[in-house]
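Once you've looked at the hints, go ahead and assemble the two chains, each given alone in its own frame, into the complex.
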Amino acid sequence: MTAHNTTSGENIYRPAVMNIVATRDEAPGVRTMRLEFQDPLELEKFKQAYRTGMFGLYGIYGEGESTFCVASPETRNDYIECTFRKSGRVTAALASAEIGDLMTFRGPYGNRFPIEEFHGKNLLFIAGGIALPPTRSVIWSCLDQRDKFGKITIVYGARTVADLVYKQELEEWEKRDDVELVLTVDPGGETPDWKHRVGFVPTILEEAAPAAGNCVAVLCGPPIMIKFTLASLKKLGFEEENVYTTLENRMKCGIGKCGRCNVGSVYVCKEGPVFTAAEVSAMPQADL
Amino acid sequence: MATLLYSASLNDCIARWREDGLMVFGPSTAGGVSGFREVEDAGSLDLDLVLTRSTLKELFFPRTEPMLGYRIGKQQIETEEFIPPEGRRIIFGVRPCDAAGMQVDDALFDWDYHDAYWFRRRDSSVIFSIACTHSDAFCMCTSLGLAPDSTKGSDVLLRPLAAGNGWKVEALTERGENALSSISSLLKEGGDAPAPLTDVPVKFDLEACRRWLADPENFESRFWKEISERCIGCGSCTYLCPTCHCFDIQDEGDTYQGVRRKNWDSCSFSLFTMHTSGHNPRATQSARWRQRIMHKFNYFSLKFNVNSCTGCGRCTRECPVDMGVTETLQAISTLQR
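As you go down the protein sequences, you meet chains A and B in turn.
Numbered by our numbering, the letters in the first sequence go through residues 1 to 288 in order.
Numbered by our numbering, the letters in the second sequence go through residues 1001 to 1337 in order.
Wrong hints could be hidden among the right ones.
Listed below are the simulated DSSO-like cross-link pairs for lysine-lysine, each with C-alpha atoms no more than 30 Å apart in a straight line [said to hold, decoys possible]:
1. A:K45 to A:K175
2. A:K195 to A:K47
3. A:K45 to B:K1303
4. A:K167 to A:K227
5. A:K227 to B:K1225
6. A:K86 to A:K47
7. A:K175 to A:K195
8. B:K1303 to A:K227
9. A:K151 to A:K86
10. A:K235 to A:K195
11. B:K1074 to A:K45
12. B:K1074 to A:K47
13. A:K47 to A:K167
14. A:K45 to A:K151
15. A:K195 to A:K234
16. A:K148 to A:K235
17. B:K1074 to A:K86
Computed from the model, here is a short list of chain A residues facing chain B with C-beta under 8 Å [unchecked claim]:
18. N11
19. Y13
20. A16
21. R112
22. M225
23. C253
24. I255
25. G256
26. G259
27. N262
28. G264
29. S265
30. E271
31. P284
32. A286
If you only want the chain A side, here are some residues facing chain B, beta carbon under 8 Å, derived [what the hints assert, rightly or not]:
33. E10
34. I12
35. R14
36. V17
37. Y50
38. G88
39. A92
40. A95
Just so you know, these hints were derived from the structure itself, not from any lab.
Quick caveat: nothing in here was measured; it's all calculated off a predicted structure.
Heads up, the beta-carbon is just placed ideally off N, CA and C, and yes, glycines get one too.
Isolated chain B (complex conformation) (with noise of 0.2 Å):
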């Protein structure tokens, strides 16, 4: 016997944690694009989704978010502090390689210097992930090590059931223990089969590309400025990796008064690096694709002991001219044959 939730009391479910105060999110489609975005019911979830086009990560990293208010009077600055949360919230039918990437994403942003903005919306949220038993072309999950249904990040994991009526019931954490016992009157047991999850192919040797990244010889090597030659610099597939957490910090306003704000950046574009001088650390576009995979796969997981993507494929998937971490993966994993 296991604990399931039936679909038809998912409606329910989420009036329950509306009416406790809890706001609803989950994948769902707008204009045509989907994302996570704030739902008041069960229709409005896209949950059919192999994965939505931008990630898990807005919700704890906006693409740009004000972090103080200041207003200049005469001998004084009075700042306004806007630090999350919003409120609590429920993150629902999330995949489990967004999921894995927020815990990434948990060591960057508390690496000496606790990021209160992160972490504020971290501790208020609870993630329900839904196991994949549909992938696509794109999907590369086990190739970095983690699987269809991989709990790390999630704080309750659900298995779709074989009749596609629901889903069975795994709580990860004590977060996740009490977002259920909320909605305990509208579980049920019962004994109903799983769905078998989907089958992700392994597409490359991800031991081998790491040790081909960590020899100094290869960091000069032909083949990073061959394999990024078509590549426009247009930041795509940073925005939509559910890891990557560059940022800019700008203020909006006059001297007066305005906002400074966190802005996504990215580590694409040219200026990201530029000194004042004119003098440019990664100047090409090449070095800055060479700097993108070897922060992934190389100075991320000496730091953090953990590879800083979890191949949910959406840089090669929504590239616009068809490249990608899979395809530089692939070509190191054939150079070291």
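Next comes chain A alone, as it looks inside the complex (with noise of 0.2 Å):
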């Protein structure tokens, strides 16, 4: 049906073998692993597959898979970078994983941002917390093809100034004059040293006030964050077809079989994960 179509026989459930070959702690119980493939063949399978926007399953055989973003862009697809918070059996074993140890990938799968639709056009990158990685894999696909883009602005907040994840980055792009980085942190979460806004997103968004005008917003964050965001976006005038999120929902196959990662008739691994917030508009909302 789609060039997805693996031949009999073909094990779809099989993980590749990675090397972990970086790490850097992001923030409290947050990590970035840099990865690559043991196995040559798939790393040539993986460069000619991955899009921005896809995600995998990452595991540790005895501990099981769990799926995240590929975190780093498609320009850059001779390793794979996630970024994950520690919070259940796969990614507390991940965590202790250190440099040298060996855990598995399978994928890329779902869907991409359409980013050669973006030629030419403004961009306004918008995310909370963890949700930074699949925002910044966005982020450096166009940054690394910069003179196809308009004006550049990035939105990025967290609920403290310690829970801001790819720190280095945040410096290299505020330092960068052809991007505009609007950084913040809730109210509370500020440190006495702290020079950027202290707000929430939405209302961070509303006063940078980004014109709507042959601009795309791409999106991505918790549930409660994306609702109050498409609200202000909204008021900005950003039309809905125009905003790009990511829907993250509990995912064991990755490939449309598990059955339940589905919101209405909708499979988040296969059709999405990258939908448009007009798509998710459409969606049964009592189920998102």
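Rendered as structure tokens:
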């Protein structure tokens, strides 16, 4: 039916073996790992298939698999980066893995951000907390071909200063004159030397008031932030068709069989995880 | 004239197939629980049951199945794949509703990604279905557009003879023809009359139900809460459904060696969809029952053009609180009126 079709006999549940080549602690309990394929054929398959927005199942045998986005962009596809919060059995095992250890990756799965449709447009990225990783994948995909896009604005917020992830990259983006970075933390989450904004993302977004004309917004965050930020985007004049987001439902297979990630008739693993706000609005809201 | 298989020859057929290296499965009862088991002779078969308690799907999608064995070494992970088949199989005495269920799930397991665990077993099995001459109050194949002699998913259809001494044999697929050719000397030609099929009354208007389900206005109807109030979320209806296919993937073992398994799971359980954050898209039992009904009669049919229900009635027959698909769809039919 699609390019994903596997030949009979190929085991669709068998993951690739990955070497952990770098790790970075981002925030309390949040870690980034860079992974490289052990098998060059698996790397080639990944490079052919991977597009920004797709996700994978990251695992450790004996513990299981967990679903996260691929946080590295399609423009840098020799490796995979993932960022996760230590919270369950699999992520606890991943959090205690070290450079040189082996883990597994199954994917890439799902759809992608239609980045070529963003060419010539202004881009507005909005992320909350641990949802910067999927956004960051799109940000770098665009920054790596900067001349194809107009103005780039990034609005990122977290509960506290400590909870901001990718701090090095935030500094890097702040220094660039072709990126406007707006950072904020929730009231009470600031430190004495915090020199950025204080306030919730939707409020700060409305203050920053990016122009909606010829602009595409990419919005990732917890459900409650998405809800209020969508309302703010609407106030700013953004059409739902020009707002992209990702849904991150619980998954086990990632390939449309295990039966749990659907919202209405839409399988997030196959038809998502990237949707426009218009597509999300058409889903049964009670099941989101 | 038609091809006939007399009951008296069934034992020899089973012996012949087994000599040919095939395993023979059929409905049988052990420990008071009926299901599909391997049999060595015709005497072990329970062909008079309206339906076995557990379904045919267990022979293709086991309750738990090892997928990958793993052993972690220094800088390498060795894996061993446990892909079936365990052998070629004849499955004798399947009810048409159960056989139809296998065809329903073929679509799901082939949806872009081809699931070898399912298809290797499908490809190595021949399904002999027996048309139904008796039914019970829970049977509802006719409400789903099927019939006591539906051929969907079957390789051979057997029609019971009026005299009760055998079956009229119809090959439906090449695989079925091959299985019959190895027992051809045991088949007879004759004009024996087949027994009348059982009369299964239509219980609800499926198209009216589907229209109601497809209307987004009804998604948050009070109906869902009312109809599912007594659901205890035990999951029995999903485990006993011939088409329910949801599963979990779990590792059994430690971080040095063990087995990754595919285990049955159920949309009736709150953990099924629970996010790490604690957010649960289907947080209530009524949301989960709605998902089950919507999935069977709206989502699945939108994707694969077939309802994910074949009318076996087990969900109602075996429900500890007397719920089930039948009651819900009958109630929706009433709302439509």
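Hints, verified against the model:
1. For a cut-off of 30 Å, the pair hint linking A:K45 to A:K175 is broken: about 36 Å separates their Cα positions.
2. A distance of roughly 40 Å separates the Cα atoms of A:K195 and A:K47; the hinted pair therefore is violated under the 30 Å criterion.
3. A hinted pair counts as satisfied when its Cα atoms are at most 30 Å apart, and A:K45 with B:K1303 qualifies at roughly 28 Å.
4. Proximity of A:K167 to A:K227 is assessed by CA-CA distance (about 26 Å); at most 30 Å being required, the pair is judged to hold.
5. For the suggested pair A:K227 and B:K1225, the alpha carbons sit about 25 Å apart, so the restraint of at most 30 Å is met.
6. Taking the CA atoms of A:K86 and A:K47, the gap is about 28 Å. The hint holds against a cut of 30 Å.
7. For the proposed pair A:K175 and A:K195, the alpha carbon gap of about 14 Å is at most 30 Å, so the pair holds.
8. The hinted pair formed by B:K1303 and A:K227 meets the criterion: a straight-line CA distance of about 29 Å does not exceed 30 Å.
9. Restraint check for A:K151 and A:K86: the C-alpha separation of about 35 Å exceeds 30 Å, so the hint is violated.
10. The suggested pairing of A:K235 with A:K195 holds, with an alpha-carbon distance near 27 Å, which does not exceed 30 Å.
11. Between B:K1074 and A:K45, the direct Cα distance comes to roughly 25 Å. Compliance with the 30 Å bound is thereby established for this hinted pair.
12. Simply put, B:K1074 and A:K47 have alpha-carbon atoms about 27 Å apart, close enough for the 30 Å limit, and the pair holds.
13. For a cut-off of 30 Å, the pair hint linking A:K47 to A:K167 stands: about 27 Å separates their Cα positions.
14. A threshold of 30 Å between alpha carbons decides the hint, and for A:K45 with A:K151 the separation of about 34 Å lies outside it, so the pair is violated.
15. Among the hinted pairs, A:K195 with A:K234 is consistent with the structure: their alpha-carbon atoms are about 29 Å apart, no more than 30 Å.
16. Distance check on the hinted pair: A:K148 and A:K235 sit about 28 Å apart at the alpha-carbon level, within 30 Å; holds.
17. For the hint pairing B:K1074 with A:K86, the CA-to-CA distance comes to about 25 Å; that is within 30 Å, so the pair holds.
18. With its C-beta approaching chain B no nearer than about 5 Å, A:N11 sits inside the 8 Å limit, and its interface hint holds.
19. Using the Cβ-Cβ criterion of 8 Å, the hint placing A:Y13 at the interface with chain B is satisfied: the shortest such distance is roughly 5 Å.
20. Interface hint at A:A16: violated, since its Cβ lies 10 Å from the closest Cβ of chain B, which is beyond the 8 Å cut-off.
21. Here the hint on A:R112 is broken, as its CB sits about 15 Å from the closest CB of chain B, past 8 Å.
22. Checking A:M225 against chain B by beta carbon gives a least distance of about 12 Å; that is not within 8 Å, so the hint is violated.
23. Proximity of A:C253 to chain B holds as hinted, the smallest CB-CB distance being about 7 Å (cut-off 8 Å).
24. This hint holds: A:I255 has a C-beta 4 Å from the nearest C-beta of chain B, less than the 8 Å allowed.
25. The restraint placing A:G256 at the interface with chain B holds, with a minimum CB-CB distance near 5 Å, inside the 8 Å limit.
26. Satisfaction of the interface hint for A:G259 is found here, the shortest Cβ-Cβ separation to chain B being roughly 3 Å, below the 8 Å cut-off.
27. Contact between A:N262 and chain B, as hinted, is supported at the beta carbon level, the nearest pair being about 6 Å apart and thus within 8 Å.
28. Below 8 Å, beta-carbon pairs count as interface contacts, and A:G264 has one with chain B at about 7 Å; its hint therefore holds.
29. The closest approach between the C-beta of A:S265 and any C-beta of chain B is roughly 4 Å, which is under the 8 Å cut-off, so the hint is satisfied.
30. The beta carbon of A:E271 is not positioned within 8 Å of any beta carbon in chain B (closest approach about 10 Å), and the interface hint is therefore violated.
31. The restraint placing A:P284 at the interface with chain B holds, with a minimum CB-CB distance near 5 Å, inside the 8 Å limit.
32. Checking A:A286 against chain B by beta carbon gives a least distance of about 5 Å; that is within 8 Å, so the hint holds.
33. For A:E10, the suggested interface contact is upheld, since its CB lies about 7 Å from the closest CB of chain B, less than 8 Å.
34. Among the interface hints, the one on A:I12 holds; its C-beta lies about 5 Å from the nearest C-beta in chain B, closer than the 8 Å criterion.
35. Hint status for A:R14: holds, given a least beta-carbon distance of 6 Å to chain B, under 8 Å.
36. Below 8 Å, beta-carbon pairs count as interface contacts, and A:V17 has one with chain B at about 5 Å; its hint therefore holds.
37. Contact between A:Y50 and chain B, as hinted, is not supported at the beta carbon level, the nearest pair being about 17 Å apart and thus beyond 8 Å.
38. Of the supplied interface hints, the one on A:G88 holds, with its beta-carbon coming within about 6 Å of a beta-carbon of chain B, less than 8 Å.
39. Taken as an interface hint, A:A92 does not check out: its beta carbon lies about 11 Å from the nearest beta carbon of chain B, beyond 8 Å.
40. Below 8 Å, beta-carbon pairs count as interface contacts, and A:A95 has none with chain B, the closest being about 13 Å; its hint is therefore violated.
Hint violations for this structure: numbers 1, 2, 9, 14, 20, 21, 22, 30, 37, 39, 40, all remaining hints satisfied.
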